[in-house]
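Protein chains: 2
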Amino acid sequence: MREVAVIGCGMTQFGELWSLSLRDMFVKAALEAIDDAKIDHIDSLYVGAMTPGLFVGQEHIGALMADYLGMSPVPALRVESACCSGGMALRMGFFDIASGNSDIVLVGGVEKMTDGADVTYALASAADQDYEVYHGVTFPGLYAMIARAHMHTYGTTREQLAAVSVKNHHNGSLNPKAQFRAKITIDKVINATMVADPLTILDSSPVSDGAACAVLASMDVVKKLSVPAVKVIGTGAATDTLALDKRKDITVLNAVKQSAEAAYKMAGVKPADIGLAEVHDCFTIAEICVIEELGFVEKGKGGPFTEQGNTALEGKIPDNPSGGLKSKGHPVGATGIAQVVEVVEQLRGRADKRQVKNAKIGLTQNMGGSGASSVVHIFKI
Amino acid sequence: MREVAVIGCGMTQFGELWSLSLRDMFVKAALEAIDDAKIDHIDSLYVGAMTPGLFVGQEHIGALMADYLGMSPVPALRVESACCSGGMALRMGFFDIASGNSDIVLVGGVEKMTDGADVTYALASAADQDYEVYHGVTFPGLYAMIARAHMHTYGTTREQLAAVSVKNHHNGSLNPKAQFRAKITIDKVINATMVADPLTILDSSPVSDGAACAVLASMDVVKKLSVPAVKVIGTGAATDTLALDKRKDITVLNAVKQSAEAAYKMAGVKPADIGLAEVHDCFTIAEICVIEELGFVEKGKGGPFTEQGNTALEGKIPDNPSGGLKSKGHPVGATGIAQVVEVVEQLRGRADKRQVKNAKIGLTQNMGGSGASSVVHIFKI
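Chains A and B, in that order, are what the protein sequence lines are. My numbering puts the first sequence at residues 1341 to 1721. My numbering puts the second sequence at residues 1341 to 1721.
Source of the hints: derived by calculation from the structure; they are not laboratory data. None of these values were measured; they are calculated from a predicted model. Check the hints yourself; a few may be wrong.
One copy or two, it doesn't matter: identical chains are merged, so the pair holds either way.
[What the hints assert, rightly or not] List time: in silico DSS-like cross-link candidates among lysine-lysine, alpha-carbon distance up to 30 Å: (1) LYS1368 with LYS1586; (2) LYS1605 with LYS1563; (3) LYS1605 with LYS1693; (4) LYS1586 with LYS1641; (5) LYS1605 with LYS1378.
Next up, chain A with everything else stripped away, as it sits in the complex:
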């Protein structure tokens, strides 16, 4: 298998981007990544997006983005795995280069969520239609059930959940591309509008527009270009049941655990080697479960671990230095690549006020639905 590196990154502001269409956003992020990588062509394009069909009536966006980048006839396609579509697009670009087929691949993610669609219906298409959605459940409801189970089983407190959000808003306040840059407090989170008990609006990632891109290259290309390259040393993906009720223990995100184990194995590293991570905090409880499954902390201890500051910028293992989905925003298809942009910029020492010190190995974890799919990548400078 050939080695693969990230040689350029780009992303739009995340937020309600009224002046930019789906294609505008993608092209903006792609051109930024291409400029950053200092390349003049690509061999292939992979676009992650969850449901541009339901959001804006446009499918076939692999070819569309190649077209609007002026890059036809370059091979292009879209990858979908709900909210981890972006991370899976990276995985496809990785295999394309690893196999020897391509030398330079553009991978990206995009979603336009604020353009009038029924967002709750569109997002619910990531859950099991027959066994969940038809019966009225929504994603805040599913994650609220996970939160209640975690509190019941492990004694996780309401304040510990809120600590995830407070930490991520603090980080996001240092990120010019974040949707929400206001610092918040534990009290504010707990007393915000209730969405699905115990989760309030400040436990929940927002509805966002945005795009993010990364340029991948083989090591032959890296040597020729002499740009700062960050190696992709591990990729892992896994799945679980779509419906929560089919799982033995809903506090366990088995797809996250399995995808992390596969990535650690390929990379030849352990959780303790990870210097920083971007993880999928679609709701505060998600970050707590995920850091447990990634092995950053013992199962059930994610709450106190977060409350004690271990996942803060200066902590033992900084999680979501970008502000995460909660503060940076969550245009679903773009999220997995935005995580990569953050980790690569951190490893290259270009994260400005939110720079994590001395990190040499970073990890991204991106998941779909209530954890029915997960993809983990490990990067090394």
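Following the hints, complete the assembly by docking chain B onto the known chain A.
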């Protein structure tokens, strides 16, 4: 790059399958393919589907199908490139094995189109929303414009277009899994209900439900299993503008030409080496343009070439022995893999009454929209 082979195939009947849901169909085709391949596990799953979100409100179908096959936590994702989602799923499975990451990969395609959705709206999401769909154009309209341009430029006749449909219905009459098994005549095609002048309903592929799957394996696995294996010796993909009006000449399907050239180059074969092909006849004019771009006949001569019987079962280069999209049916995401099923069964000599004689090399060509994306694979027994 490691070599990859197809070691098993399965597909459902194509048609209006009222008793089978999206997941039922996929599982049925997948189990048939797994039985055929005589394997007891897979390493990864790729599902092609165009827009299950718009058709039945369900995205995240990579993980869903892994779940319903009882195969979680196997890595799984969905691939989308409009009507060539299936062919692109095969391409992803190919890279996965070629890179050395997986040894056995299940690739499949599925679409449930007859379950109450606005099919014309859903299919139009493959065209350019901003420059085509918003202004009222539909796919029959786009292909009718291509047909008129081809007739004007090359003298292609109405009868020659109809000859594609007559040939494909003849082949489909020999295929137990085809949606329409009635033989038709040139007169019937020309005098059928007009859809978009000059194309009638009998120039047009139908709205269908169905699924198709194939099992891919590395040569190490092939040697151990001793099942009849068909090598994938070439893969090529390419794109073009989504909107027809952006092309210099709308009779030219550049993505088809470029994807074929890439596949021929990788396979080290020429058009004259191809013993049979399954091509994307969503409308009769599409097959004529495609066989020209594939190099089976000179540009502009596809009409007379078809009329003279060169693409018939006993012709110089049999096209669509399965009945093609026109007669076999066109559940969009499934089509690309159904083409693979036919070519593999033909090369293994298991195509019964529609068996093409002495074919050693077969080709599949699958495209999205009005040719904005295309993927070609070449197979050898």
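Verification of the supplied hints:
no.	hint	in the structure
1	LYS1368 with LYS1586	between (41 Å within a copy, 21 Å between copies)
2	LYS1605 with LYS1563	both (26 Å within a copy, 27 Å between copies)
3	LYS1605 with LYS1693	neither (33 Å within a copy, 50 Å between copies)
4	LYS1586 with LYS1641	within (24 Å within a copy, 57 Å between copies)
5	LYS1605 with LYS1378	between (32 Å within a copy, 29 Å between copies)
Violated hints amount to a single one, hint 3; each of the other numbered hints is respected by the structure.
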